[in-house]
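First to last, the sequence lines map onto chains A and B.
Convert by adding 55 to the 1-based position in the first sequence; the result is the number in our numbering.
Convert by adding 1 to the 1-based position in the second sequence; the result is the number in our numbering.
These are computed hints drawn from the structure, not numbers from a lab.
Quick caveat, the model's predicted, so the values are computed rather than measured.
Any given hint might turn out to be false.
[Claimed, not checked] Reference excerpt, derived from the structure (chain B facing chain A, CB under 7 Å, subset only):
id	residue
1	N34
2	F159
3	A165
Positions of the beta carbon are idealized from the N, C-alpha and C atoms, including for glycine.
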Amino acid sequence: MAGERRADELVAEGLRIVAGARTLVEDATLRVGAGEIVALVGSSGSGKTVTARALLGMVPFAPGRVAGRVTLTVDGHTSTPETEADFRPLRGRAIGLLWQDARAALDPLRTIGTQVLDAARLAGPVPSRDALLLAPDGPLARAGFADPARVARLHPHELSGGMAQRAAIAVALARNSRFLVADEPTTGLDPSVQRGILAQLSHLAAAGMGLLFITHDLRLLPGFATRVVVMDHGRTVEEAATTAGLAGAGRALVEATRKVAGGVL
Amino acid sequence: MSARTVGLGLVGALILAWVLALVAPYDIVADVNPARASLGPSGAHWLGTDHLGRDVAWRLLLGSRAFVAPGLLTAAIAGLVGGAAGALAGWFGGPVAALVRYTFTVGASVPRFVLVLLAGAIFGADPAVLAVATGLACAPAVGEAVTCRLEELRRAEFVLALRAHGVPEGRILGYHLLWVNARGLVARQVLQAFGFFLVVETTLSYLGGFGVQEPTPSWGNMLAFEFGIPDGNLLAWMAPAAAIWAGILGTALLGQDLGLREGARHGR
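Model the full structure from these sequences, guided by the hints.
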């Protein structure tokens, strides 16, 4: 299993996304391996979010056209989805999404426990609600909740921003997604909560999940992201490793920042 | 007492009366007895007797048969027809929604009572005909409500999130949107349709003609039959009037409560 896992990867090559007369993404290429955290950075409007959506085949514009290729390898099985029907079986199972506003991404009328349970049932048979939700290695515990029993009974409106993001992570874990596209998942959270979420995502990557982390906040990246891909005006313009220690990462980021028009720091 | 408690109590009493009436041994026709006409309440006749000497309490129970079963049919038709059409319109939008909304608007532009009378005149005043007609007349209200709720929710972030988790479209619509997020709304509208059939039936029976005919009791014809009888038993017409009022109040309160509960969790 471990050998196969290492081969898991999510690749996008030459993505070009057109909505009506506007070209939103000109040429985006990126690769996320299992266990990697790849940061996709760029200023607002540079095409990060729409690139992320394209990885799931969910470009949110009705006349949007997508060219280029997405390749997903999971458990040694490679697919290159193009149509909605190709993407559908991959969503959730192979690749999931975390949203900036996690509370809005949860069903307002149901408890966190029920939503985690529903996601787990989509992934496979579940012995019982309690066995899933209260287990020390269950999705709620792995998402960093110290008291899963209490959280399972809460509705989304009863959660803080950080808790809501953890709940969204728990749903993705229950769904057993191999890759997660996280679209600014810590924006709007206070710094200590941000650090907690990032630490949790690092744990997941260490356990073999591949993560594409979209952000405009470069300060988050040193010590967190494996690689940084910079996007500008719909193109991926720069890729830098951040593993060469903080100093190396810092230099790469400063260079990357300079390339992004206007800078984001 | 909360609106919910009162609503549940009144609707529960209504259902209980109906069940009792279904198993009741009481024979209305054979019970006429001028010797005990217009008696006040007593141990033998809890609500007294009417001017033909028939037991008012028993007739009140039996009167529920005139509208409960047909009313349930009305509610089912309003819920199924309105719910299905509203779900299609709200989910697909575009030309489907335009067609459904147009049909609803045309249907809703004729007063519901007039539609029901028209159906009764054309197809006969059978309770089943009236129930189906009332159900169809109430369907646009159910449909509009469901359409609005779905139009609001189908682009909601949590629906996109469900799609991103690979939840099949049919399950998103049927379970996550209709069942989880719109059933209170549908329940409220369907209860209103039931309450409206109660109004239709008792009104028609009060007026005679299309309604339930003597000696078969309806709260409407009991009221008409006993109101204004000189030296009559007041309870013989006040009890059915109160029962009509309580039945409508109960369905309205319970429906409002169900709708509000769901709305509150949506943050409205």
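Verification of the supplied hints:
1. Interface hint status for N34/B: violated, as the beta-carbon distance to the closest one in chain A is roughly 57 Å, over 7 Å.
2. Annotation: F159/B was flagged as interfacial toward chain A, and the flag holds, the nearest CB pair being 5 Å apart, inside 7 Å.
3. A hinted interface residue such as A165/B counts as satisfied when its beta carbon comes closer than 7 Å to some beta carbon of chain A; here the least separation is about 4 Å, so the hint holds.
Hint check: a violation occurs at hint 1 only; the rest are consistent with the structure.
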